[in-house]
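Colleague: Heads up: the protein sequence lines correspond to chains V and E, in order.
At position 83 of the first sequence (counting the first as 1) the number is 83 in my numbering, and the numbers step up by one without a gap.
At position 179 of the second sequence (counting the first as 1) the number is 179 in my numbering, and the numbers step up by one without a gap.
It is possible that some hints are incorrect.
Claimed, not checked - Each computed DSS-like pair below joins lysine-lysine, with the alpha-carbon atoms no more than 27 Å apart:
#1 K405(V) - K334(E)
#2 K405(V) - K428(V)
#3 K348(V) - K235(E)
#4 K334(E) - K355(V)
#5 K440(V) - K423(V)
#6 K348(V) - K272(V)
#7 K334(E) - K44(V)
#8 K355(V) - K235(E)
#9 K405(V) - K423(V)
#10 K157(V) - K272(V)
#11 K157(V) - K44(V)
#12 K423(V) - K235(E)
#13 K363(V) - K440(V)
#14 K334(E) - K348(V)
#15 K348(V) - K363(V)
#16 K334(E) - K235(E)
#17 K334(E) - K440(V)
Claimed, not checked - Okay, the calculated bits of chain E under chain V, using three or more residues with CB under 8 Å as the criterion:
#18 92-100
#19 184-198
#20 243-249
Source of the hints: derived by calculation from the structure; they are not laboratory data.
The beta-carbon is built from N, C-alpha and C at its ideal position, and this holds for glycine as well.
Each chain, letter by letter, is given below.
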Amino acid sequence: MQRALKKYLATYREAAPLAVFRILFGLLMAVSLLRFWSNGWIEKLYLEPNFFFSYYGFEWVKPLGTATYLLFAVCFLAAIAVALGWRYRLSMLVFFLSFTYIELMDKTTYLNHYYFISILSFLLLWLPAAATFSVDAWRSPARRFQRVPAWTIDALKVLLTIVYFYAGLAKLNSDWLLEAMPLKIWLPSNFDIPLIGSWIASETAAYLFSWGGALYDLSIPFLLWNSRTRLPAFIAVILFHVLTRVLFPIGMFPYIMIAVTLIFFSEAWHRKLLKRSSQLLKLPAKDFDNRRQFNFKSLRIRRLTLSVIAVFLMLQLLIPFRYVLYPGELFWTEEGYRFSWRVMLMEKAGYAQFKIVDQSSGKRFYVDNRDFLTAFQEKQMSTQADFILEYAHYLANHFSSQGHKNIAVFVDSHVVLNGRHGKPLIAKDVNLLEYENSFKHKPFIQPFHDTIQGF
Amino acid sequence: MNIMLRSTLLFFCLFGLLSCATDESNTTTADDDSNPSAVDFDRSAMLEHWADALIIPGYDQWNTELTALQMAASDFTMNPTETSLRVVREQWITAYTMWQRVAMFEMGPAERSDLRLSVNSYPTNTSQIENHILEGGYDLTLPANRTAKGFPALDYLLNGIGTTDAERLAVYTGANGTAYQQYLSDVITDLNTLSNSVLTEWQNDYRTEFISNDGASATASTDRLVNDYIFYYEKFLRAGKMGIPLGVFTGTPEPQTLEAFYYPSLGNALFLEALDATQDFFNGTPFNGTGTGPSLASYLDTLNTVTNGATLSESINEQFVTARNAVMALETFKVEIEENDPPTTMLNAYDEVQALVPLLKVDMVSAMSIRIDYVDADGD
């Protein structure tokens, strides 16, 4: 066992897959950032709101006013530099930090695929992705390597496998499989798609897509590992993501997923792709084929890199299961829901009306959320207890500074989940100020009174 | 390998094409053939029913009442007596009540002319009105004059400028009487112009545009009108007619912000008419008719829900009844607010009116997969 491991760790492969991965990743990130900018979302999401929801422990990360544009510019330039392989370590570090900072600025915009980009860029930081076909390698023969340790490529494959497989596991629940929820709600609103619209709106389609989606997520990484099933699997990847792109507003994500999946293809295929592209762009491809094997600067750095990646992948295996530490129904409380590849599992909507009581004067009034939050923020806030609690404290500060004394904040909340009747997420008579945000279970969340079986 | 490379490229191209095509389909309307019903529900039949059985007849009747109001006002200015003043007031009540039937349809022609703000901005600005009358040379089509015209301005002109009809008549027959008469008639003419243009547009091109925009995007007729409907219920019916005067959002009651402030007994009636209108819209009950038609209620009944027990449309209708009963049991809103501190009974009635908001805005909209306050952002 130990010998097998040793042998594996000493195996070398072509560096081409890492180079292709790096280039596509950098380019797609640059395009995504440009798209974000040109859609006016920097202004709308990070400059217009007066208040931002923070991740616990990251309250100090806030938008930077007009300098937020600069932050995006830095992130964009770093992505370009990554694609070029120019000062790769540094540009990857800048990209990772700036992108993660952007994502931490407001919890409202949380998406699993933004988290995926963050952790992927962290992983890339440790990989020799600029060993070939990069400005770094082109400028300095000493940093030019044709071959890299196999585990540096496999680390990316393992991460992708975790993402897909865990997304599939999350779909193995009674709402998804037995009720075809929430697809049964979402698909009918696509009835106006030409040709297939009426079929997509049918109940049969909802069940087919639910089961098909779960099966796809669970099996696709393994079909991609296997060289004999790889091509049909990749075609399935394209079809699946095209379909999701047509049916749901998921932006750049399908393109990114298709591009990163290419890592499963053979060394030869990647070499060929690089050769063709360099012929097309009239680049000197041959110079990179020097047969040198990548060496870490020292044994210590190699050991550090290996440990970081091992711990990182272990954490990725564990984090999605942290929800078992919390009581209550996961979909209802959402305690341990994020960072777990639970995508498209819930049609959840809510309404939260806050009551401010000045306990000194007995005066009470309701808050118009739109005085403080954007429509998007209000939407996210009204279904998630951690948002509600943070906002309650913000309201208390706001009204205290207006001279109200001894304030209590109550919320009249109403949440629907996957077609069930709406009910309060939080009891009406709980003064939210008696609680602070933490990783601990929030005891003021009302019981769900229903069970969703599964992972 | 070569083939794989090429097919990969081909897929990416196809992919780009497909995504462009879907982007477009969000903004254009689907033609009739390619637009079959979703889960056996025909949105275009619902839109047609809304247009032909609720919206157009409603505007038509409102327009008729306003024409009658104009005639009553011209009778009054030719022969100002307490009796002819009362006739104007009666007709004002009828037209104002009728307005409650169409106030929620703020899309298309109504949206373009900012109908709701032009017709019913209250509290009205009495000093602005007096100023216009005194100085003349006003232009009622200006947005700045919205607080000096419409039904609330008429409320002041017919009820607020004196405590008895004799006193009020004296204003119209006094030294500055013709200027008052002129202003009264100008405000009514402005209302007629607005209602005429909205009705004509609906009868001509807009009906077709409205019905044929039967897709499922954020700009489709169903999604937009449902958004408008809920917005109206929340902001204008719940908050405007009850919440703000009650001081629900400030802690301080503000009875001067009541609708029909100078004719307090009308406030409750206007509220109830508006509540009936929103319930009729929900059930597709035709204007001046009974029963139901293709509507939000019947749409909900065809959709899938996990829960057993009462259907969502039943729960919503029950809450409409509860809210109506609670409001009907009240004294006039003005009395409730001014004579009770805090106005507990009316606050309790408000809570019943409020209880419909989450049912409409969360349960109904979630079941229909309609997006409220359309947010332009990516999802997971």
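Colleague: Holds or violated: K157(V) with K44(V), Cα cutoff 27 Å?
Modeller: Given that 27 Å is the threshold and the Cα spacing comes to 36 Å, the pair is violated.
Colleague: Is the hinted pair K405(V) and K334(E) satisfied, with a Cα-Cα distance of at most 27 Å?
Modeller: Since the Cα atoms of K405(V) and K334(E) sit roughly 30 Å apart, the hinted pair is violated (cutoff 27 Å).
Colleague: K334(E) and K235(E) were given as a pair; does the straight-line alpha-carbon distance stay at or below 27 Å?
Modeller: This hinted pair holds, its Cα atoms lying about 20 Å apart.
Colleague: Decide if the proposed pair is consistent with the structure: K405(V) and K428(V), CA atoms, cutoff 27 Å inclusive.
Modeller: Holds, because 21 Å separates the two Cα atoms, which is no more than 27 Å.
Colleague: Hey, K334(E) versus K348(V), does the alpha-carbon distance stay inside 27 Å?
Modeller: violated (40 Å)
Colleague: Examine the region 92-100 of chain E: at least three residues should have C-beta closer than 8 Å to a C-beta of chain V.
Modeller: violated (count 0)
Colleague: Run the distance test for K355(V) versus K235(E): straight-line Cα separation, threshold 27 Å.
Modeller: Judged against 27 Å, a Cα distance of about 18 Å means the pair holds.
Colleague: Are the Cα positions of K157(V) and K272(V) separated by 27 Å at most?
Modeller: Cα-Cα ~20 Å, so holds.
Colleague: Taking 27 Å as the top limit, are the C-alpha atoms of K334(E) and K44(V) close enough?
Modeller: violated (41 Å)
Colleague: For K334(E) and K440(V), compute the direct alpha-carbon distance and say whether it is at most 27 Å.
Modeller: The given pair, whose Cα atoms are some 49 Å apart, is violated under the 27 Å limit.
Colleague: CA of K440(V) to CA of K423(V), is that 27 Å or under?
Modeller: holds (23 Å)
Colleague: Starting from K405(V), check that the Cα of K423(V) is at most 27 Å away, please.
Modeller: violated (31 Å)
When the structure is compared with the earlier hints, violations turn up for hints 1, 6, 7, 9, 11, 13, 14, 15, 17, 18, 19 and for no others.
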